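Colleague: Sequence:
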Amino acid sequence: MESNQAASSMEVETVPSEAKLLPPKPKFEPLKPHEMSDGQARRVELKTRPDTPDISNLQKCADFVHAFMLGFDVIDAIALLRLDELYIESFEIKDVKTLRGDHLSRAIGRLSGKGGKTKFAIENASKTRIVIADTKIHILGSFANIKIARDSLCSLILGSPAGKVYSKLRAVTARLAERF
0 MESNQAASSM
10 EVETVPSEAK
20 LLPPKPKFEP
30 LKPHEMSDGQ
40 ARRVELKTRP
50 DTPDISNLQK
60 CADFVHAFML
70 GFDVIDAIAL
80 LRLDELYIES
90 FEIKDVKTLR
100 GDHLSRAIGR
110 LSGKGGKTKF
120 AIENASKTRI
130 VIADTKIHIL
140 GSFANIKIAR
150 DSLCSLILGS
160 PAGKVYSKLR
170 AVTARLAERF
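Residue 140 in numbering that gives the first Met the number 0 sits at position 141 of the sequence shown, with consecutive numbering throughout.
Please note that a few of the clues may not be correct.
What the hints assert, rightly or not - DSS-like mimics (lysine-lysine), calculated; alpha carbons at most 27 angstroms apart, straight line:
hint, residue 1, residue 2
1, 96, 167
2, 116, 93
3, 126, 93
4, 146, 163
5, 93, 26
6, 59, 113
7, 113, 126
8, 126, 163
9, 126, 116
10, 116, 163
11, 146, 116
12, 96, 113
13, 93, 24
14, 59, 96
15, 135, 118
16, 96, 163
17, 113, 167
18, 116, 135
19, 96, 116
20, 96, 146
21, 135, 163
22, 59, 24
23, 31, 59
24, 146, 135
25, 167, 135
26, 163, 118
27, 167, 93
Unchecked claim - Pair by pair, the computed Cβ-Cβ distance ranges are:
hint, residue 1, residue 2, range
28, 167, 84, 19 to 27 angstroms
29, 69, 146, 32 to 40 angstroms
30, 59, 100, 22 to 30 angstroms
31, 67, 177, 34 to 42 angstroms
32, 132, 97, 16 to 24 angstroms
Simulated from the structure, these hints should not be mistaken for laboratory data.
Because the structure is a prediction, the values reported are computed rather than measured.
Even glycine gets a Cβ: it sits at the ideal position worked out from N, Cα and C.
Sequences are here, hints too, so could you generate the full structure?
Modeller: Here it is as structure tokens:
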């Protein structure tokens, strides 16, 4: 008895299929020039042809994929999609100075610092993101900030001690703070 009552309370009311059909769309004739409010005919020009696809976001998507493949975090790569004034600059250590063997290893060590301290200090001072991948260096940030980070990294590659680079970064960031 209880099962019949449960089944009857769970029944769904069915709607005939004719009621589900929508009314036909209204067909309006185009307005004639004398029927318009101000009596003038207006032309609408399309910026793009209707048969061409919108490719405005393709470049941003390509930048996202490129940044992700270079080794940036997903969050940093997504920032490329959202911000217009964000760039990536890539260079190799040999572009700054020709180094081989142990000299190259020491230069890479100077760039990253003990536990990544030097790399993080440059990132935080210049408001950029840096990826050191073997002998390639990738910097993500605004144009001016990339220049600050690149100059610091090049100084380290050329053999400057980390303390001197830190003090120069402090001076540069202090000047930037005064401007804004």
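Colleague: Against each hint, give a clear statement of whether it holds in the structure.
Modeller: Cross-check of the supplied hints:
| no. | hint | in the structure |
| --- | --- | --- |
| 1 | 96 to 167 | holds, 21 angstroms |
| 2 | 116 to 93 | holds, 23 angstroms |
| 3 | 126 to 93 | holds, 25 angstroms |
| 4 | 146 to 163 | holds, 17 angstroms |
| 5 | 93 to 26 | violated, 70 angstroms |
| 6 | 59 to 113 | violated, 35 angstroms |
| 7 | 113 to 126 | holds, 20 angstroms |
| 8 | 126 to 163 | holds, 19 angstroms |
| 9 | 126 to 116 | holds, 15 angstroms |
| 10 | 116 to 163 | holds, 14 angstroms |
| 11 | 146 to 116 | holds, 20 angstroms |
| 12 | 96 to 113 | holds, 22 angstroms |
| 13 | 93 to 24 | violated, 68 angstroms |
| 14 | 59 to 96 | violated, 33 angstroms |
| 15 | 135 to 118 | holds, 14 angstroms |
| 16 | 96 to 163 | holds, 19 angstroms |
| 17 | 113 to 167 | holds, 19 angstroms |
| 18 | 116 to 135 | holds, 19 angstroms |
| 19 | 96 to 116 | holds, 23 angstroms |
| 20 | 96 to 146 | holds, 18 angstroms |
| 21 | 135 to 163 | holds, 23 angstroms |
| 22 | 59 to 24 | violated, 39 angstroms |
| 23 | 31 to 59 | violated, 44 angstroms |
| 24 | 146 to 135 | holds, 16 angstroms |
| 25 | 167 to 135 | holds, 23 angstroms |
| 26 | 163 to 118 | holds, 14 angstroms |
| 27 | 167 to 93 | holds, 23 angstroms |
| 28 | 167 to 84: 19 to 27 angstroms | holds, 24 angstroms |
| 29 | 69 to 146: 32 to 40 angstroms | violated, 19 angstroms |
| 30 | 59 to 100: 22 to 30 angstroms | violated, 41 angstroms |
| 31 | 67 to 177: 34 to 42 angstroms | holds, 36 angstroms |
| 32 | 132 to 97: 16 to 24 angstroms | holds, 19 angstroms |
Consistency note: the structure conflicts with the earlier hints numbered 5, 6, 13, 14, 22, 23, 29, 30.
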